[in-house]
Amino acid sequence: DTGVSQNPRHKITKRGQNVTFRCDPISEHNRLYWYRQTLGQGPEFLTYFQNEAQLEKSRLLSDRFSAERPKGSFSTLEIQRTEQGDSAMYLCASSPQGDLQPYEQYFGPGTRLTVT
Amino acid sequence: DQQVKQNSPSLSVQEGRISILNCDYTNSMFDYFLWYKKYPAEGPTFLISISSIKDKNEDGRFTVFLNKSAKHLSLHIVPSQPGDSAVYFCAAKFNNAGNMLTFGGGTRLMVKP
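Taken in sequence, the protein lines are chains A and B. Using this note's numbering, the letters of the first sequence correspond one by one to residues -13 to 102. Using this note's numbering, the letters of the second sequence correspond one by one to residues 24 to 136.
Since the hints were derived computationally from the structure, they do not count as laboratory data. For glycine and all other residues, C-beta sits at the position ideal for the given N, C-alpha and C. Hints may be right or wrong, so weigh each one.
Distance condition first, Cα-Cα at most 30 Å in a straight line; then the derived DSSO-like pairs of lysine-lysine [what the hints assert, rightly or not]:
id	chain 1	residue 1	chain 2	residue 2
1	A	43	B	60
2	B	135	B	60
3	A	43	B	91
4	B	94	B	60
5	A	57	A	43
6	B	91	B	28
7	A	57	A	-3
8	B	91	B	77
9	B	28	B	94
10	B	28	A	43
11	B	91	B	79
12	B	60	B	77
13	B	94	A	43
14	A	-3	B	60
15	B	28	B	60
Residues of chain B clear of chain A, computed beta-carbon distances all greater than 10 Å [stated by the list, open to error]:
id	residue
16	27
17	35
18	37
19	38
20	40
21	43
22	52
23	57
24	101
With the rest of the complex left out, here is chain B (with noise of 0.2 Å):
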């Protein structure tokens, strides 16, 4: 079953847009959440991240949401930018020692400019 989804596989925007990429979780153990950027041939670098006792998270133009009672949070993007064309893994993080993330699928950005 999986714990972290992203239903979205894939988004397109124009160059200057808001991307707005979303996330959805099962398990109210997660304490921790975190939105990793991926492109071709590289590993995940990470983005941002929000603990569950938070519901906002700002940094330059990425902000992370996080609504608890839906069990949902969402990356935005603004304004976007080619460069920001890239697969978007959400991540969470259960409270335990090891601090080990489960992934949703990813969602594939393609900003146009």
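Bound conformation, chain A alone (with noise of 0.2 Å):
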């Protein structure tokens, strides 16, 4: 399977706990982004790297996230002293470089955090 996997499926943590989520992109793809959506809603941006440099980063990524993405490959996203508040799903999505149509990212299944 080529398309991209994020670990783990589901997690579900006490408040004030730090988690760690993993994605894998498509191997070629350069681009990989996070993006958070919690129920009811659309996914919201949250970051994105291209190769192993984070070129943005959304105003909803506070200092307790953290993303990473050692030598332009898989990526972690790092949430500290996690709040209720924090309880979505992350997705994580891949796309070739360049700008060329359709500008089509892949996702991930997500993560689902829930924080109790």
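Mind docking these for me? Both chains are given alone in their own frames, and the hints should help you get the complex.
Structure (structure tokens):
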């Protein structure tokens, strides 16, 4: 399977704990995106990488959130001191580099985080 | 403020009939629009897209129409099939280097046999 994979698929944690999610993009894709989706809403952009460089961060990404993409391959998203408001589906997407239509991003299945 | 809006949270149609899903946007700087389909427990999958310089794009049973003056786009599915039942998201892209997408809230389509 050459699609985008995310682990874990589900995570339940207690408020105040740290959590880390992993995303493995499609291997030849240079760009990697993180989105967050809450119930009844569409995905909201969090951050994106071009290879290993983090080039854009949304204002939604508070100081408790950090993302990395070492060596331009897989990426991790860490949330420190989780809050109940962090409960959401965290989606990862990847795309080839360049400005070619249709600008499609390929999404993984997501990691559902529940903070109790 | 929501820059991309899907005002109908749900839509129910009979198999074989046309499904029309609507999307409105507020920012004139969007230069490209995409529709994604999402099944439960899966990530969104790309369906069809349209550039802001066009007003129609067709792919099989799916057609997207863009009305720039009204800042409105729609997705037509003809004929609708039960397998089309899913949540449909409209997304828009700014003309910038990152190509980040701004999504609407989604419309749940139910196609009844």
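Hints and how they fare:
A C-alpha spacing of about 25 Å is found between residue 43 of chain A and residue 60 of chain B, which places the hinted pair at or below 30 Å, so the restraint holds. A distance of roughly 18 Å separates the Cα atoms of residue 135 of chain B and residue 60 of chain B; the hinted pair therefore holds under the 30 Å criterion. The straight-line distance between the Cα atoms of residue 43 of chain A and residue 91 of chain B is roughly 29 Å, inside the 30 Å bound, and the hint therefore holds. Annotation: proposed proximity of residue 94 of chain B to residue 60 of chain B holds, straight-line Cα distance about 21 Å (limit 30 Å).
Proposed proximity of residue 57 of chain A and residue 43 of chain A is supported: the alpha carbons are some 19 Å apart, at most 30 Å. Between residue 91 of chain B and residue 28 of chain B the alpha-carbon distance is near 15 Å, which keeps this suggested pair within the 30 Å criterion. About 26 Å separates the Cα atoms of residue 57 of chain A and residue -3 of chain A, which keeps this hinted pair within 30 Å; it holds. The straight-line distance between the Cα atoms of residue 91 of chain B and residue 77 of chain B is roughly 9 Å, inside the 30 Å bound, and the hint therefore holds.
Taken as a hint, the residue 28 of chain B and residue 94 of chain B pair is honoured in the structure, with Cα atoms around 11 Å apart against an allowance of 30 Å. Of the pairs offered as hints, the one joining residue 28 of chain B and residue 43 of chain A holds, with about 23 Å between alpha carbons and a cut-off of 30 Å not exceeded. With a CA separation close to 11 Å, the supplied pair residue 91 of chain B and residue 79 of chain B stays within the 30 Å bound. The straight-line distance between the Cα atoms of residue 60 of chain B and residue 77 of chain B is roughly 22 Å, inside the 30 Å bound, and the hint therefore holds.
Restraint check: the Cα-Cα separation between residue 94 of chain B and residue 43 of chain A comes to about 27 Å, which is no more than 30 Å; the hinted pair holds. For the given pair, residue -3 of chain A sits about 24 Å from residue 60 of chain B by alpha-carbon distance, which is consistent with the 30 Å threshold. Among the hinted pairs, residue 28 of chain B with residue 60 of chain B is consistent with the structure: their alpha-carbon atoms are about 16 Å apart, no more than 30 Å. The beta carbon of residue 27 of chain B is not kept farther than 10 Å from every beta carbon of chain A, the shortest such distance being approximately 8 Å.
Against chain A, the non-interface label of residue 35 of chain B holds: every CB pair exceeds 10 Å, the least being about 18 Å. Every CB of chain A lies more than 10 Å from the CB of residue 37 of chain B, the least distance being 26 Å, so the non-interface label holds. Interface exclusion of residue 38 of chain B from chain A stands, the closest Cβ pair being 26 Å apart, more than 10 Å. Every CB of chain A lies more than 10 Å from the CB of residue 40 of chain B, the least distance being 26 Å, so the non-interface label holds.
With 10 Å as the threshold on Cβ separation, the claim that residue 43 of chain B sits away from chain A holds: the shortest Cβ distance comes to roughly 19 Å. Here residue 52 of chain B stays apart from chain A, with its beta-carbon at least about 15 Å from theirs, past the 10 Å limit. The Cβ of residue 57 of chain B does not lie farther than 10 Å from every Cβ of chain A; its closest approach is about 7 Å, which violates its non-interface assignment. Every CB of chain A is more than 10 Å from the CB of residue 101 of chain B (nearest about 21 Å), matching its label as outside the interface.
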